[in-house]
Every structure is written in C-alpha cells, then in structure tokens.
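Trainee: Here are the chains, one letter per residue:
2 protein chains.
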Amino acid sequence: MSNKTVKAHCSAPQQDSEAHCSASQHDRAPQRDSASRVTNAAGRIVPTVINGKPAVPYMGVGKYKPEGFRAAPKIASCADYPADGNKVIPSLKEALLKAGLRDGITISTHHHFRNGDLIATQIFDIAHELGIKDLMWYPSASFPCHEPMTKYLEDGTINHIEGSMNGALGKFTSEGKMKGLGVLRSHGGRYQAVQDGEVHIDIAVIAAPTADPFGDANGVNGPTACGPLGFALADSQYADKVIIVTDNLIPFPCLPWQINGNYVDYVVVLDKIGIPEKIVSGTTEITKSPDRLLLAEWSAKFCDEAGLIYDGFSFQAGAGGTALSIGIYFSEILRERKWKARFARGGSNKYLVKMLEEGLVEYILDGQTFDLDGGRSMRDNPHHTWTSPFTSYNYHSKGNFSSMVDIVILGATEVDVNFNANVVTHSDGYLLHGIGGWQNTLFGKCVILPIPLFRDRMPVIRDQVTTICGPGELIDVIVTERGIAINPLRTDLIEKMKNSSLPIKTIEELKSEAEKICGVPAKPKFTDEVVAVVKWVDGTVLDAIWRVAT
Amino acid sequence: MSNKTVKAHCSAPQQDSEAHCSASQHDRAPQRDSASRVTNAAGRIVPTVINGKPAVPYMGVGKYKPEGFRAAPKIASCADYPADGNKVIPSLKEALLKAGLRDGITISTHHHFRNGDLIATQIFDIAHELGIKDLMWYPSASFPCHEPMTKYLEDGTINHIEGSMNGALGKFTSEGKMKGLGVLRSHGGRYQAVQDGEVHIDIAVIAAPTADPFGDANGVNGPTACGPLGFALADSQYADKVIIVTDNLIPFPCLPWQINGNYVDYVVVLDKIGIPEKIVSGTTEITKSPDRLLLAEWSAKFCDEAGLIYDGFSFQAGAGGTALSIGIYFSEILRERKWKARFARGGSNKYLVKMLEEGLVEYILDGQTFDLDGGRSMRDNPHHTWTSPFTSYNYHSKGNFSSMVDIVILGATEVDVNFNANVVTHSDGYLLHGIGGWQNTLFGKCVILPIPLFRDRMPVIRDQVTTICGPGELIDVIVTERGIAINPLRTDLIEKMKNSSLPIKTIEELKSEAEKICGVPAKPKFTDEVVAVVKWVDGTVLDAIWRVAT
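Just so you know, the protein sequences line up as chains R and G, in that order. For the first sequence, my numbering begins at 340 and goes up steadily by one. For the second sequence, my numbering begins at 340 and goes up steadily by one.
Fair warning: there could be bad hints in the mix.
Because identical chains share one entry, a pair is satisfied inside a single copy or across any pair of copies.
To be verified - In silico DMTMM-like pairs for lysine to aspartate or glutamate, Cα to Cα no more than 20 Å straight-line: (1) K402 x E644; (2) K404 x D579; (3) K413 x D535; (4) K862 x E847.
Honestly, the hints are just simulated from the structure, not real lab data.
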C-alpha cells in the first residue's frame, strides 16, 4: 500500500484521468478540498484534509489500525438535572436554545422515520429563523422529504452534510453547490466516527414515537411507531446535549428503553413527529418482474448448490423485491428440509416475520422495520430484537455480528471487473444514494449481488465503478439475468460450482455481453473539484466524489 | 464547607476524639494512608490520598461538580477479532494470561451469583498459582463464599479490595490486615468510579448463566440463572479486557444480550459457574416477628397518612422480612382502592412478582432477582425489566431514576440524632457489610428506615454513627417499635402527620427511650489507622473506617 501525494490541480483525480478536468468553472475557493490529495490503496485519489480536519486515506481491508481512545463525553451530574426526572421543555426552539444552538455546531438526527420525518427540517427552520449559520447536519440518512434543506445549504444556515445525500440533496452536492465537503459513511461508520471522536455532535435531536419525561424512549409504541431507534444510539451516548422529541409522552418508565433517559437533557412534546404511512411502507412486495424473479431464483439456487444453506444458517436480505423473493425461496428450502435459520438480519418485513412465526427463522436481529408487521413483531416477539449500528456494524469494536452472517444479499448501482461496487453514484456521476449498512454487511461470509446486467440500456458492469463503496475482495458473487460471476478470490465457491447447472461465467464475459447489447457506455464528466468523500468502515477515505461537469 | 487539614498522627480522626488513639500498635508502614487528612463537610476526618491517588473529600449533597471527561477506552478494531465471532478460549487461566494477567493490575467481578459464586476465587487461585502479586480486586460485592480471599490478601496476591468487605473480609480489614486501603462504594458509585476513570479495570471477568461464542450474555436463562447482569455493565464497557465465563454456551445470538459481545475479548466455558440454590434464596419470607410486623404496619400507615401512596406511585423495598411485609400492606391499600403502583424497584421476589401479576404494580425495574419467581418473571414478563447501576443509580449522569421513587424503605445498622445513618460497620466498630444500592436510593422522595430501637441490647440510635454512609438530610423518617421520628427538615411531613394516631416522637426521645432500657452504649475503640473509606455517590470521601483496637 502506498499513498502517493499528487498535485491537487487538474491532476488525475481517478485512475481514469480522461473523465476529469473537462470543466474549468471554479466559482468559489474550494474550502472543502484545499489541501493535497493522495492515491489510496484502492487506487483512488482522495483528499487528505476534509472540512479542515486531517483524514487517513484507505489502506485496505483490515489494514488501518486505530490508535487512541474513544471519545470521552463530559461528566454530567444528577445535581444539574431535575430530581423529579421531568425534563420537558415547552418547545423545540427553547430546547435548542437551552442546548446551546449557535453558529458552526453539529446537529444530528436519525432516519427511522424515513420519508415521513417531520423533525429534521423543523430544526433548521428554527436555526434559520434565529440567523444561525454554518451548521453541520449529521443525519443517519436523508430522504426526499429533506429537500427543503437545499435552501438552508444555499443561504449558509447549513455548511454541509455528513450523511447520505439522496435525490435533490445529492444533485445539489454533485453540482458543487454545497459549501463544505459531504462525507458519506455507512451506518457502522457513522457510529465509529462518533465513538472515535472524528465527529463531535453538539446537539442530537432524537425523534421518538414514545418517551417519558425523563427521556427514556422507544420506537415500538405510539401512533408514529417506527420500530427500533438504534440509529440514534451513538448520538445519545456521545452528544453534548440530547433532545428527545415525541408525540406520545407517557409516565416514567417508558419501556423498552431503547434510548436511556440518563443520556437525555431535554424532552419536547409535539403534536406529530412523523407521518406513519411514510415511515413504514406497507407496499413492500415480492417482485413480479420475470427478470428479477430469475435473479432471485438463481441467487437462492446458487446458495443452495454452494452449500451455504444449512440447518442453523443465517442471512441478510433487504426489503427490495428481489431480496424478498429470495427469502421466499429460502423458506421453501427450509420448510422442505425441516431446517431453521438461526437468525436473519432485518430490515424486517411481513415475509421475514412470517418466517419467524412459522419457525423457519429462530431470531430476527433488526435495525429497521419496513412495514407494520415488522413493527408489530418487534414490539411483541422477544425473538425479534432491535439492534443498533454498535451491535451490528461498528468496525472499531471487539467484533460485530456482520461477519457472522452466512449469506448477504445486496444491491449496487455499478460493479466493476474487479468486483468493486458502487451504491452512491449513478453512472452519470450524480450522487443519489446513501450507503446505509451496505458497506458493513460486506463482511458477511458470502456476499451476493443480484443485479440486472443493464438499467435503461446502461451496462451495470464497468471497467471501473464511478465511485468505489465496497472493495472487490469482499464481494463474492454477481448474479445477473445472463449469468453468474464468482470472484476469482473465492476458489472455494468456484470449485463447488464447477458442475453447476447455473450459467457460471466470468465477470468479463458478463460485461462484454452487456456491451454487445448496449454499447460501451460513455464515461461521466467531472471537474477536478471534490464535492464529497466516501469513508470506509474504519474511518479512512475510500473514494472521492467529484463535481459533475454540466 | 471547609476542609481543614489536620495532622495525621493521633489527631482526632472523628469529631469524637475519645474513641481513637487508644491503641498504638503500628505494625507496618501505613501504605494505605500515608498522606494528610482533612475534615470533610460531614465533619469526618478522611484521607486525601487513597492507595496513592488523590481523593476529594465529601463536600455536601450535590455540592461537588465533576470537571473533566468520562474514561475513554482504547479503540478496538474488528480486524483483531475472529471474523466468525468465536472467542472461546479453552480455560480461564489461558484467558487471563491472554488478557494480560500481571502484577499490580485490577480485576473485577460481579456479585449476581451472591453467595453461590464459583468464579471470583478461581481467578485468584490462578493468580496465586502463577505467583502474581499486588492485584486489586474490584467486586461489585463480596459474600461469605469469598472468605478464601483472606489468604490471598495475606500472601500479597491481592493488595486490597475496592468493594464491599462483608463478614470475614470485613473483620480482616477492620483488624488492619489488608495492605492497601479498602474503598467502599455504592452500586451507583461503582459505576461512577469506572465511568469517571477513578478506577481503571484491566481485566473484567463476567460470569454469565448463558452466553454465545461472541460474548453476548445474559443472566435470565441457563442452569445458573441469576436474573440480570447489570452489576457487570460498567466492567464490560470500560475494562481493557473482558472475559465471559459461562456454563451454558449457546449459538449466536444469545438474547436478550444484557452484556454485548461487542465489548468482549474472550469466552470461557466451565462446568459450573455458580451454585443455583445459593444464587437465589428461595427462603425470603415475610417476617413473623411481632416487633417487625409492627414496624411494617406503622411504616405503611405512615406512608398512607402522609399521602405518599396514590394511584401511580412508586416504591422500593428490599428483600428483608420487614420490607416484604410493608409490600403486603401496600398491596392491600392498592387492591382496596383499585389503584396501581406505576413501578416498583426490585430486588424482586415472589411477593413483588405477585403484585405485578395481579396488576397492582405496572412495572418492576429490577437490579437483582432474589428468588426463583423473580427470575422467572424477569425472563418472561416484558413489564419486569432488568436495570443496571447506570440506569438506576449513576450520579454522574444526566439524572438517574432513584430520585423518582416515591417511597424508599431501607435498613441501617445505626442512625444518629442528625439522621445520619450507617450500613457498613457495627457499633463495635467492625466493618461487616457493603453499601449496595443503599446510598443511591437515598435520593428517593421519602426515605423511611424501619429499624428496631435496639439490637442485642445495643441502642441503634446514637449521638453519632460509627460510620456515616448516608447524610441525614436525605433520610426522612425513622420507624421504631417505640415511635416514629420525622427529620425536622421535612416540615411538610411533620405538618401532614400532626394529627396522626401514630406515635410521632423526636429522634432524641427515641434515643433516650432506648438508653433508658439498655444504658448508654460504649463507644468502639479504634487506632488512628484508616483501613477503609466510604465514598459518596459522587466519588468524594464521606467517611473513614478505622482499625479496631484489639
């Protein structure tokens, strides 16, 4: 591994220098990327200073060893908190002011309300009204409902976002309009960054479907129930000030206490903190697309033929149509052989809950309930447990359970011939998605990406991904509708599948099949300006995201 | 508050100088108490250096404000832990060696197994066998089963204990035989000390009735089920190395995970980690003693007349016979008026579980199950929740719930005319008990001590307690079989009870009644050597315990 320092201006910002330097408009001093850049172990050019702080370039999987100590919050005293436990403050504005809302601080929120969140924007409405500037927003993810943040990014209320920048926020970022540099982290990386002191949260605002006046809170009860609150765990543990916002205040104790009131400074009661129908999507269904069903069938068959399914195995599948359909195939196999999965990782949904209730799965370890059945099951079934990025994903921990999962089914926007994969940018170069837990789950024992060979006549397998989010060495199998490619590093899987009836091909073969149909795709055009970075699970900088040349 | 520095030698180690300096045998250099002493805000003379570290004298309730930051453990990396999550090591000895067992370190254990613990002694057997010296043992409590530790204190394997020194260990300490200075902390103070970095645990050994190879653990399942594992929470979070010892290893995931494997380094499987019948005492019964029944009846009646019992109130009562009987009276009142207690604090037992199951109590928040019904209920009833010293008692937190409890029933070995109370030493000066959660619960809204006026013809109410464990301002009511004394600070209670049929008296009246019967008790005789200190919930030094003059 060598981190070669390169010139910052119009040098090759990626291995593929052609794509860059095509636009020259630099309409501001690049505050966010003023220092030198280096080529990291993934061969990507990344900045060494991010928003004024030094950053370590990616060194390879498991290569960077952290030195130092976890962040140490100030010691509090009960003498400074009400003896009757009542921390209720009349309004969010008052709570924010008491918590020390001021220029330049970091405010965090969580995304368990997904596109039904009514709180994050309110915080910045208040900050804007008070004339506060240069805030850093540290959400665990953002959604289309957060589009109003673009106006606060424009007027300087928010300097930059460290967290997913989806949809409108992604476009805004890709166009170079955000003042500071965006930082994309996985769910586990977000916990790691807070734990390690890379990100200091001044004020955490935790929207909670149920809470008591002391600040104990959970997401399983109440009219805006959203399941767990794990994405806010680090925030509660490490932020200077913690504000709970709820629309369902109950007398102490609020049990289960997914968030402990012992970490909480203030509690605010509002009429409504989320839009329930947008929190859980009741419409997540298995796919009806013949192509996707084929991907699901082949993925499941691959798992079975490779011996990955056994009595007591474990799996993680998302809530997408293909992943859900794979779960159906797994169910059939388990039922037929009278086997059980020891555990499944959620995002839970009605299909996974059905497996639990039928006894095909012993435990669901769940970071996010995706539908009402998921929420009900987590509330009522002790075998359906909420997890947090600490238990599941934090890489700077004495292990985490992502590496214990046998089969992990994931998506990707692009994969390259070295099995590197991208989930944040599209092939046109635009930042459009967050990382979620995707990077963290790559540590599973067999990582399978069922993806279409092309989307809108744009091949998904490329010479090089636009942005590396996952190093190829952790991605084992690509399942497409025209064949399955096994990572050459997995000689064990290649050996097991050598007599398979499934269409096993090389990834180069898959790529050329796609290019035969769609042609060789055009490369995205970028300026030499970095607008965001992708962190690896250990806090190092895996890749840079470049301003799109428009 | 003034902390006056006084001479260390044969000065008045307490207000009552007569009791001291009566013995002069100083058979060793007092390593444990070589520095200056001061008089603290409770009027007690305490050392300012404890086992080589500076200590802050008690400054009054809520007066000491901590500066600084929580202890910051080293950042770990998953790269250093097995990807398959299997941390099992063949033997405790091997685990201790891998964890860095060496001279002078601190080893912690928990006491959920109470007198049935089979692990703590084994650790020091191994250390002794290896010739390791000068260890500090940091148990959350000790029991008679730990008497073998005296030989390791004698031979230098253990330098000193910070934790309760009951029975034989207390006698050993009181006789000046322990090399270092004993430090007594409440359960909350123990958490606080670890959190604040006052005590650094090098190796935590957590005996767990059920665990998985990753180190997730709980106390609710398995042949040695003991209920919660909360007393080991701080140890898991802050120790350099954490060893789980179990006799019931199950496949991942071990749910509920009261201890998270993410904090754990090694897992050891032994045949038996505790003696079940000594873990839970199946014999805890309500009192049959007419005197104690009277205390119970008067205590309950006092609560009712003073308006402390209402629909939605909360209480904490221990597992002693008197406290249990008070619970029965509370039940009758609640049943009759169709009221419910919102929550009760355990130590749980069959009587409390019955209240929960009958619907007289909505929630049990439980730090320790005292019998099999308690254990069963915690395992199966989501309204019976395990707690930890962090949630319940940590004073250096943003509040804790001990101050939200309406009625707290406690015991004491002595009370003085200023309502100061003692729970650690007897009137003969010997250290015989630990503090447990006693200090922490003093923050409840009304603290009632039902105690006999004398024990073995020794009056319990004194001019001055032998050792102050609880400042009088936090103790509200003393109930004896000859009358009830209300703390003069509680003018509200005095007002409410002015027409009571109960025999309300002053504490001086109660004291002189006892002395009329038993005579004025002799004072214990001490040398001028400090053998242990009692910490207050905020880490300051509340009192010193002196070597008994023999």
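Trainee: Does each hint hold? Answer for all of them.
Mentor: Hints, verified against the model:
Neither within a single protomer nor between protomers do K402 and E644 lie at most 20 Å apart by alpha-carbon distance, with minima of 33 Å and 68 Å respectively. In this homomeric assembly, K404 and D579 come within 20 Å of each other (Cα to Cα) only across copies, at 17 Å, whereas the closest approach inside a single copy is 27 Å. Proximity of K413 and D535 under a CA criterion of 20 Å is satisfied in both settings, with 15 Å inside one chain copy and 9 Å between copies. When the C-alpha separation of K862 and E847 is checked against a cutoff of 20 Å, the pair qualifies only within one copy, where the shortest distance is 18 Å, while the shortest distance between copies is 91 Å.
When the structure is compared with the earlier hints, a violation turns up for hint 1 alone.
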